[in-house]
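Participant: These protein sequences, in sequence, are chains A and B. In terms of the numbering used here, the first sequence opens at residue 1 and continues consecutively. In terms of the numbering used here, the second sequence opens at residue 372 and continues consecutively.
Since the hints were derived computationally from the structure, they do not count as laboratory data. Please note: incorrect hints may appear among the correct ones.
[Unchecked claim] Derived DEER-like restraints, expressed as beta-carbon distance ranges:
| hint | chain 1 | residue 1 | chain 2 | residue 2 | range |
| --- | --- | --- | --- | --- | --- |
| 1 | A | ASN98 | B | GLU429 | 44 to 50 Å |
| 2 | B | ASP423 | A | LYS252 | 34 to 40 Å |
| 3 | B | GLU438 | A | ASN261 | 36 to 42 Å |
| 4 | B | ASP423 | A | SER67 | 36 to 42 Å |
Fair warning: this is a prediction, and the values are worked out from it, not measured in the lab. Glycine residues also receive a C-beta, built at the ideal position from the N, C-alpha and C atoms.
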Amino acid sequence: MQTTPSYERYQRQLILPNFGEAAQQKLAAARVLVIGAGGLGCPALQYLSAIGVGHIGIVDEDVVSISNLHRQILYTTDDLGKLKTEVAQDRIQKMNTNCTVSTHSVAITQFNAVDIINNYDVVLDCTDNFKARYIINDACTLLKKPVVFGAVFQYEGQVAVFNHGIDAVHYRDLFPVSPTAAEAPNCIESGVFNIVTGIIGTLQAGEAIKIITGIGEPLSNRLMSYNSLSLNFYTVKLSKNPDAKKNTPATKEEFLQYDYNQFCGLHHLKDEISAEEFDALLKRNDVQLIDIRNKDEQPHVDELNAIRIPLSELKLHINLFEKEKQIILFCHSGIRTLDALDILQDECQLNNVSHLKGGIIRWLDYKSNKK
Amino acid sequence: MYIQILLFGSLVDVFGKKQLQLAQVNDTDTLRLALSARYPSIKDAKFVISVDKKITVENTAIDTTSEIALLPPFSGG
Numbered sequence: 001m002q003t004t005p006s007y008e009r010y011q012r013q014l015i016l017p018n019f020g021e022a023a024q025q026k027l028a029a030a031r032v033l034v035i036g037a038g039g040l041g042c043p044a045l046q047y048l049s050a051i052g053v054g055h056i057g058i059v060d061e062d063v064v065s066i067s068n069l070h071r072q073i074l075y076t077t078d079d080l081g082k083l084k085t086e087v088a089q090d091r092i093q094k095m096n097t098n099c100t101v102s103t104h105s106v107a108i109t110q111f112n113a114v115d116i117i118n119n120y121d122v123v124l125d126c127t128d129n130f131k132a133r134y135i136i137n138d139a140c141t142l143l144k145k146p147v148v149f150g151a152v153f154q155y156e157g158q159v160a161v162f163n164h165g166i167d168a169v170h171y172r173d174l175f176p177v178s179p180t181a182a183e184a185p186n187c188i189e190s191g192v193f194n195i196v197t198g199i200i201g202t203l204q205a206g207e208a209i210k211i212i213t214g215i216g217e218p219l220s221n222r223l224m225s226y227n228s229l230s231l232n233f234y235t236v237k238l239s240k241n242p243d244a245k246k247n248t249p250a251t252k253e254e255f256l257q258y259d260y261n262q263f264c265g266l267h268h269l270k271d272e273i274s275a276e277e278f279d280a281l282l283k284r285n286d287v288q289l290i291d292i293r294n295k296d297e298q299p300h301v302d303e304l305n306a307i308r309i310p311l312s313e314l315k316l317h318i319n320l321f322e323k324e325k326q327i328i329l330f331c332h333s334g335i336r337t338l339d340a341l342d343i344l345q346d347e348c349q350l351n352n353v354s355h356l357k358g359g360i361i362r363w364l365d366y367k368s369n370k371k
Numbered sequence: 372m373y374i375q376i377l378l379f380g381s382l383v384d385v386f387g388k389k390q391l392q393l394a395q396v397n398d399t400d401t402l403r404l405a406l407s408a409r410y411p412s413i414k415d416a417k418f419v420i421s422v423d424k425k426i427t428v429e430n431t432a433i434d435t436t437s438e439i440a441l442l443p444p445f446s447g448g
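Looking at chain A on its own, in the form it has when it is part of the complex (with noise of 0.2 Å):
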């Protein structure tokens, strides 16, 4: 074997038992897409791009905030506001420049998803809500790709390996029915703990390359959990479920048509007032605010003259509602309000109210950005 540069930067995994030239080489003419370049996928498309994946693929359509630094370890603060796509591939083409880095800088979508997709051999689920991980989930199914997943909630993490082995399961095969976003808090709404996404995006970087290179027991049909308080991990075995099948679109156009608002109950999106239509309409005397906050909880803004209701005690209270008026309820993140939208339309037939996207944490960003 001759020494090269390239042999140099890989030596201490091109000496490993196993690995040798022959995985170099796969990795080298693999195509690995990474969806989501947050907390997962920062972690990921560093231990890809260092190891010598050819080519690798981010999508991503948002900016850096302040608040992903704390766990989005490509970033920095100057970065701030930059599309994470184009400061992920500066850094990672840096970290090892034989890697080509492509970007979309988008929103997965059913429409552009079997696009983007196909033209990837593995594809990493780094993404941050149910309706992208449905979405993701049925079109690497429909194209036969295996899916690398992974997912957080404050202190634990999963991670699983779908369409991938003999009778390969998927996402649908564990969870054929997605909670609503109410139901499984995100990381704006729960917390999470930095290292966790660490842990799990590494994890999902390293079933993705021994998928590539064929060493080791990739995690196919089988879901792994941690827990970084008790430091435990549990795996169990999954199996192909019957309701997975009917719920799955079988051809591309069934994808295409598939309505992922209503299956991820997000049927509220037309429910939904942005941070900058609520600021506007804070001037208006037609407009009731309701903060369906518990009493005590912060912050509290005096100058929105809001009623507070909580969520609890909504239907108690129904007779505060004023029926000539547009009513906007708002909470910390926009999550809560979905329960009470459930409650004032379906249940007290209400039908002049809405919500504040994002809660009043999105509104106190849009006002601190506007200065």
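Could you slot chain B onto chain A? The hints should help.
Facilitator: Using the frame of chain A, we list chain B on its own:
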């Protein structure tokens, strides 16, 4: 006789503990009913039941020696 149940993710908050002890039931369908009856707040919670480290996709027999875990989906990233 009791069965022991391991809890994951948000279910730890819902039940207020990491492990649950419940009077013995004979299968996973009855377990779901027993849980909803005793803890109404979990009625709408989404989770899968694993028995002896296998996710159940249909009603599955359990006994006091079974290792039972309730696993909710996570969405964060």
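Participant: Please go over all the hints and tell whether each is borne out by the structure.
Facilitator: Now the hints, each set against the structure:
| no. | hint | result |
| --- | --- | --- |
| 1 | A/ASN98 x B/GLU429: 44 to 50 Å | 49 Å, holds |
| 2 | B/ASP423 x A/LYS252: 34 to 40 Å | 39 Å, holds |
| 3 | B/GLU438 x A/ASN261: 36 to 42 Å | 38 Å, holds |
| 4 | B/ASP423 x A/SER67: 36 to 42 Å | 41 Å, holds |
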